[in-house]
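Colleague: Chains Y and P supply the protein sequences, listed in that same order. As numbered in the numbering used here, residues 1 to 1103 make up the first sequence, in order. As numbered in the numbering used here, residues 1 to 473 make up the second sequence, in order.
Any given hint might turn out to be false.
Under the rule of at most 35 Å between Cα atoms (straight-line distance), these lysine-lysine pairs were calculated in the DSBU-like manner [as the list claims (entries may be wrong)]:
#1 Y:Lys673 / Y:Lys433
#2 Y:Lys652 / Y:Lys601
#3 Y:Lys673 / P:Lys29
#4 P:Lys30 / Y:Lys405
#5 Y:Lys117 / Y:Lys671
#6 Y:Lys801 / P:Lys104
#7 Y:Lys671 / P:Lys390
#8 Y:Lys405 / Y:Lys464
#9 P:Lys390 / Y:Lys795
#10 Y:Lys719 / P:Lys29
#11 Y:Lys80 / Y:Lys275
#12 P:Lys390 / Y:Lys719
#13 Y:Lys671 / P:Lys177
#14 Y:Lys673 / P:Lys104
#15 P:Lys230 / Y:Lys795
#16 P:Lys467 / Y:Lys801
#17 Y:Lys601 / P:Lys177
#18 Y:Lys719 / P:Lys104
#19 Y:Lys1018 / P:Lys104
#20 Y:Lys795 / P:Lys104
#21 Y:Lys435 / P:Lys177
#22 Y:Lys673 / P:Lys467
#23 Y:Lys671 / P:Lys467
#24 P:Lys467 / Y:Lys435
#25 Y:Lys601 / P:Lys467
#26 Y:Lys795 / P:Lys472
#27 Y:Lys433 / P:Lys467
#28 Y:Lys801 / P:Lys177
#29 P:Lys177 / Y:Lys433
#30 P:Lys467 / Y:Lys719
Worth flagging that the hints you see were computed from the coordinates, not collected in a lab.
Listed below, chain by chain, are the residues.
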Amino acid sequence: MRKFTLFLALMLFIGMQVALAQTRTITGTVTNADDGSTIPGVSVVVQGTTYGTTTDLDGKYSLNVPEDAQNLIFSFVGMKTAVREIGSSNVVNLVMEPEITAIEGVVVTALGISREKKSLGYSTQEVGGDELNTIRGNNFVNNLRGKASGVQVKSSGNMGGSTNVIIRGTSSITGNNQAMYVVDGVPINNSNNNNDGQISGRSGYDYGSAASDIDPNNIESINILKGAAATALYGSRAANGVILITTKKGKKSVGGAKILGVTLNSNVTTGFVDKSTFPKYQTQYGAGYGPFYSDTDTPGLEYIYDVDGDGQIDLTVPTTEDASVGQEFDPDLMVFQWDSYDPANPNYHKATPWVNTPNDPIEFFETPWSFTNNIDIVGGGDNSTFRLSYTNLDQTGIMPNSSLKKNNVLLSGSYDILDNLKVTASANYINTKGKGRNPTGYSDNLMSSFRQWWQTNVDILQQKEIYDQTGRNVTWNPKTPTNLDPIYWDNPYWARYENYQSDERSRLIGYAQADWQINDYFSLMGRYSIDTYGELQEERKAIGSVSGELGVGRPDVTSGYTRFDRSFTETNIDFIARFNKYLSDNWNLNALLGTNIRRSKEDQVFASTDGGLIVPNLYALSNSVNLMQPPEERLAEIGVNGYFAGVSVGWKNLVYLDGNVRYDQSSTLPKDKNGYPYGSISGSFLFSSLMEDQSWLQLGKFRLGYASVGNGAPWGSIKDTYTLNGIWGGTAMYSLPHNKQNQTLEPERSNSLEAGLEMVFLQNRLGFDLSYYDKKTDNQIIPVAVSYATGYSGKWVNAGKVENKGLELTLFGTPVISNDFRWDITLNWARNRNKVVELQEGLENLRLASLQGGVTINARVGEPLGTIQGTDYVYDDNGNRVVASSGYYLKTATSDVVLGDINPDWTGGINNAFSYRAWSLSFLIDWQRGGSIFSLDQWYGQGTGLYEETVYTNDLGNPVRDPVVENEDGTYADNSGGMILEGVVNTGTEEAPVYETNTTRVEGGDYRVWGWSRNPNKAFVFDASYVKLRELVISYSIPKAKLSKVWLDGATFSLVGGNLWIISKNLKHADPEASQGAGNIQGWQSGVMPSVRNLGLSVKLSF
Amino acid sequence: MKKIILAFIVLIGVSTSCTKNFEDFNTDKKNPTEVPGEYLFANAQKELADQVASTNVNLNVWKLFAQHWTETTYTDEANYDIVNRTIADYTFRTYYRNILADLKEATNVITAEVPEGAVAAIERENKLRIIELVEVYCYNRLVDMFGDIPYGEALDIENISPVYDDAATIYDDLILKATNAIAGLNAAEGSYGGDDLFFHGDVTMWKKFGNTLIVKMGITLADYNDGKAKTAIEGAYAGAFEMGEICELVYLGGSNSNPLYQDLVQSGRDDFVPANTIVDLMNGLEDPRRPAYFTLHEGEYIGGEYGYSNTFSQYSHIAPEIQEPTYPMTLLDYTELAFYLAEAAERGYSVGGSAADHYTSAITSSFDHWGIEGAADYITANPYDAGNWKESIGTQAYIAFYVRGFVGYTEWRRLGFPAMNIPPNPAESAGGEVPRRFTYPINEQTLNGTNYTSASTAIGGDYLRTKLFWDKN
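Whole structure, please, built from the sequences with the hints as guidance.
Modeller: Below, the structure written as structure tokens:
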């Protein structure tokens, strides 16, 4: 006890000041009549005075009242205001009844501050934890799709892959546009550790978004802070919006009885490939690029080799050709195929019928399984709470040899050291192991083989058999009948089982926090939080594989090993002093002052073997043919010191005003100018308070906010350093950096204006929340691309302005409600208009990425951020495509024509939830309208004649792939194949063109007409719109009455369907959402994964 | 409770102590802010040799344009499609960003050094002059690829829209710059030593390199301005390479392998075969160098049909020696010089010998270079023909420049021999013919548009078919 003496003396001193006014202290707890939970934030005021307080996080209050005080008034949005007589007792508890007429409650806002939603002058949207726990996938954020307006969630479709989360459009030209994640006040790192090459479509793997480490089982609720007015207190990196997560907590005992609750959650999910997102192959022609391999009757086949050694030349498949514009299938035609070359094969030295395979690559995919098991223990005593949660996820993907395992342990607790001093701590350990993730991008990606470079005659299961039998790389794509080395593609099973990657991340997220309620209206909070992880990514290529980019400097090698070690640590120290007081019956003042000290450190090493491996199957750096290249190292440390203050004033439940200012000092800016202030102001006006008699209107609120937020520079953009390119003997070869750094960078600035209208009608049966925003991000710090003639690729400058304007609408209604049955509808809809207003003076276009196929993703003045540019058709004045005299389309001379942009016109989701007694059913449809995609898959895959569109009957009634036959007079014969491209030809001169309808027939049996060779990029830019049945949940909860016999508090069984049906889309053969990963480079597909329809069963038991 | 208060105080203390060394956070602790200029020079040399050697379809398609080689399955580049893979962009990137920028930086660093003593001062001067010669070599290649290019305003990050200079004017300046550089070299002292990957610091060889380069530029100008060509060549030939002398990079193997090894062997791909253009030509001449150039296919030398699809296994392949990781890449040599001198003599310039003499030396040198006997007999069978000197020199130079695609292609542009094949689907911009230049990078259209447009107009349109100022053939 002695240790408290000093403190007690201090408390006495503070208490004395109040005691002088002849007061006494009333304490109590406010609980919810619905579920017995305590309610924080309830306003408690002595009637007719300015004495007042609010309940703390545990629903408790302590209030000094004048001796003559009679009544306490308890009020809280969503609850019936209650008046209680004080009487002689010093304890006044209250069970609050929900108020049917109000719908808005308390929400957690920036810095973890609970606020009444009605008082907010900006838009937030809450999503309950249950809604995120429907489909058990790798990343809970995928379940946010369609559930919040203005939040665009796009999953890459890769196993364990990253998810692009954009709130209110992209505004940073080259920087990060992803939303920020904050869990119980701890910022969570969401790095996407995919390398630059992978992001721009070269080979690599999608290692996922680091925020996927958050276990949805721990989430109580999510509040999405969309605009800068809501996030200004978090500092600049919250400018893209914040996903604010509140975790489940333990509960204090009620009435002395200790609480212990145990919940078991178990889920099993399987799935199957959605065939509409995988190529539909043509089935009539096999391997080759055209009819030119031999002078035989079957010119699509080679006639060069004597395969079986009988002295006769044999007909063979051109196995080197990874295309299917070859010989027409004919079961009577006997051909030596890849399977006749290897002695291990049953068909060794045997010719087999020339037929389409019964087993195309869709047979390659396996049934994915996912098992999630969670145990959740909550409890508490009089002064303490704790919660322990453990989740295990064990998942296999659709690709053979792919798996993902996660273990997540969370322990959190709180202890009231004193009545007014509470400490809270939490530690969350997460271990994630991935193996056999699918490669992404153009080269060295099996899926790009299936979608772009394949032979329709190859039986994929035969490839499996030969690999299983031999363990060797016996490929369908050998160089010759005697040199069986693969030329472009490995045996797909070899690629999966030998050339797999693996990765592991171990992470600790934790905090310790102290809350000190010094008196009724003044409190202090101190918190130390840390997010730290170590990650290892290993990539392998076995000896005997096809050459591919691997390792330091990305050389082409036929074997090798790379390892990427990365560690990341971020610490935050926060101090916040808060003041909250009713100045009078009508005036409430809420103020805070705080500081945030942030430090982050990113430390990484990338090393690889060079020139291949020596000893087979030994994946170690030392097993390198050549001496290793110097590893690539990066050590990036960032410090930001922030100081902030905020004031909010409320008047009569009618008008609320908020103002925040923050000053940041960022280590990434030049040191003499590294500080910058910013702030926000917002207000809300509850006009419904003026017309309380209107029974049809329960809430009417207008809000308006303005914010200006500054942002520092990316790490390392100020000072130049040299880059080591290699060592030549004793000479180190150094070069200048490719981007010129800049000593004069200034902070970026983002200004946004937001207005909103919220209304609730008809006893809460109908309501809406409408927002309009206008955000301008200015003075952006970007590495502008410059002419190579300057000696650089780019230069860091302050330039560029991007504007996002949009509308967001959330509409909710309850069409039917009765004792047993209820039907709720929620609609979320958002439309964002994004525009690059200006770049650096004189610069019209900034290239963000240059992708395979010759298309680029750009910031172009006057266009939305993220234009897809490439070659277009040439058009005449009437908009007809112009065909050259060759019969093929003319292409624009330059590749900078805008062909589309990556931003959707609008996005939305509509959820219907029905409940009938113990049963409930809900389904969510979400959609995206607009946005463009360049399909490299079809750019090449149509060209290689894989897709069904490349086989049809032409205008003369003949197969389009039949040869073009001309009569002597130059007209076409009745039996002619080929096609006439729709368009016009110029029969005049270049200066005075005369356009006439094209009549020239071109060969359909030659690859050129179909794909990349003779078509502009425009031909393969597609609309990314879709409508999907995203979620379907049927659940049954056993009524409590029946459970009491089996010691259960609750038991719920759910059947969950995810991505069940793509109701409509305009991109054939693929899911328009699929991509190489999250980030600013979207709108390009190569070798993307098909989407999977998921079906899961969940059981939740509470004891 | 004291503990708690204490803890708060400690925490505040910790947080404020963090603010020390705040600026250090933005310091890159893993990469140097200062390096010796010699290392930058070495890097530029390696980049240059790699570029010249490479047959990567993104970086260097000159072995195709020269029709020394052709492609097997993917024939876009052999059909002159350089847009799909933005090859011109990569070319600008390599020369300006990867080579010339480092040379300029090397100059800045070396200039800033304070030499200790007279010898060091001379060495420093030698180093700077050698850089100038390598710069001349690079710009000469760029002009010969594109025509007008950024030159006077190039390599200045403060000016992101560099003007394109007139190609002929650049030529004049390059010759002047080379002449001055040679004059400034002092062979009595050394230069880079081992950091010079080409000549290991041998200043005498750099002088000869410079003079050979002047002869090369001179002869290129001959059809455009005979007087200038004559002056340049006559002033330089005597100080140029002698028989057996060469500027080359001898690759070390391992991580310093010839890019051809990476492209042809390590890639595991079979993308290239010798083209029928050169194979048929050499077959006709029964050229003894064929075994050094190609492999036999079923007892014969058979080249792939230029620009068409070719089954790799059905044709001769590139000789295995060329695919070795240590295969040296030639940048400039006596063979090349001797062909130029033969032409110079034919044009009536005074170059210390007759056209036939130099022609003989050139072929002899080429045979020596390839390690082939029988040059004399070959020359007897294919004597210099003054009446058809363009064919005589052009054909032989074209053969001798095997693997040195750009030089072979330029020789064809200048002299018009041998006859080239037209591929089946030549890019529109080539106008159905063999291209006469590279089109400008797409990057330049978007990032340096005004100057691009002016340059495009100045040279007669940004087409593959547009002839360069010196191309009168």
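Colleague: Each hint needs a verdict: does it hold in this structure or not?
Modeller: Consistency of the hints with the structure:
no.: 1; hint: Y:Lys673 / Y:Lys433; in the structure: 43 Å, violated
no.: 2; hint: Y:Lys652 / Y:Lys601; in the structure: 47 Å, violated
no.: 3; hint: Y:Lys673 / P:Lys29; in the structure: 22 Å, holds
no.: 4; hint: P:Lys30 / Y:Lys405; in the structure: 34 Å, holds
no.: 5; hint: Y:Lys117 / Y:Lys671; in the structure: 40 Å, violated
no.: 6; hint: Y:Lys801 / P:Lys104; in the structure: 34 Å, holds
no.: 7; hint: Y:Lys671 / P:Lys390; in the structure: 66 Å, violated
no.: 8; hint: Y:Lys405 / Y:Lys464; in the structure: 26 Å, holds
no.: 9; hint: P:Lys390 / Y:Lys795; in the structure: 48 Å, violated
no.: 10; hint: Y:Lys719 / P:Lys29; in the structure: 11 Å, holds
no.: 11; hint: Y:Lys80 / Y:Lys275; in the structure: 54 Å, violated
no.: 12; hint: P:Lys390 / Y:Lys719; in the structure: 55 Å, violated
no.: 13; hint: Y:Lys671 / P:Lys177; in the structure: 43 Å, violated
no.: 14; hint: Y:Lys673 / P:Lys104; in the structure: 31 Å, holds
no.: 15; hint: P:Lys230 / Y:Lys795; in the structure: 44 Å, violated
no.: 16; hint: P:Lys467 / Y:Lys801; in the structure: 42 Å, violated
no.: 17; hint: Y:Lys601 / P:Lys177; in the structure: 49 Å, violated
no.: 18; hint: Y:Lys719 / P:Lys104; in the structure: 19 Å, holds
no.: 19; hint: Y:Lys1018 / P:Lys104; in the structure: 41 Å, violated
no.: 20; hint: Y:Lys795 / P:Lys104; in the structure: 18 Å, holds
no.: 21; hint: Y:Lys435 / P:Lys177; in the structure: 59 Å, violated
no.: 22; hint: Y:Lys673 / P:Lys467; in the structure: 53 Å, violated
no.: 23; hint: Y:Lys671 / P:Lys467; in the structure: 53 Å, violated
no.: 24; hint: P:Lys467 / Y:Lys435; in the structure: 56 Å, violated
no.: 25; hint: Y:Lys601 / P:Lys467; in the structure: 56 Å, violated
no.: 26; hint: Y:Lys795 / P:Lys472; in the structure: 40 Å, violated
no.: 27; hint: Y:Lys433 / P:Lys467; in the structure: 60 Å, violated
no.: 28; hint: Y:Lys801 / P:Lys177; in the structure: 44 Å, violated
no.: 29; hint: P:Lys177 / Y:Lys433; in the structure: 61 Å, violated
no.: 30; hint: P:Lys467 / Y:Lys719; in the structure: 44 Å, violated
Of the hints listed earlier, those the structure fails to meet are numbers 1, 2, 5, 7, 9, 11, 12, 13, 15, 16, 17, 19, 21, 22, 23, 24, 25, 26, 27, 28, 29, 30, in rising order.
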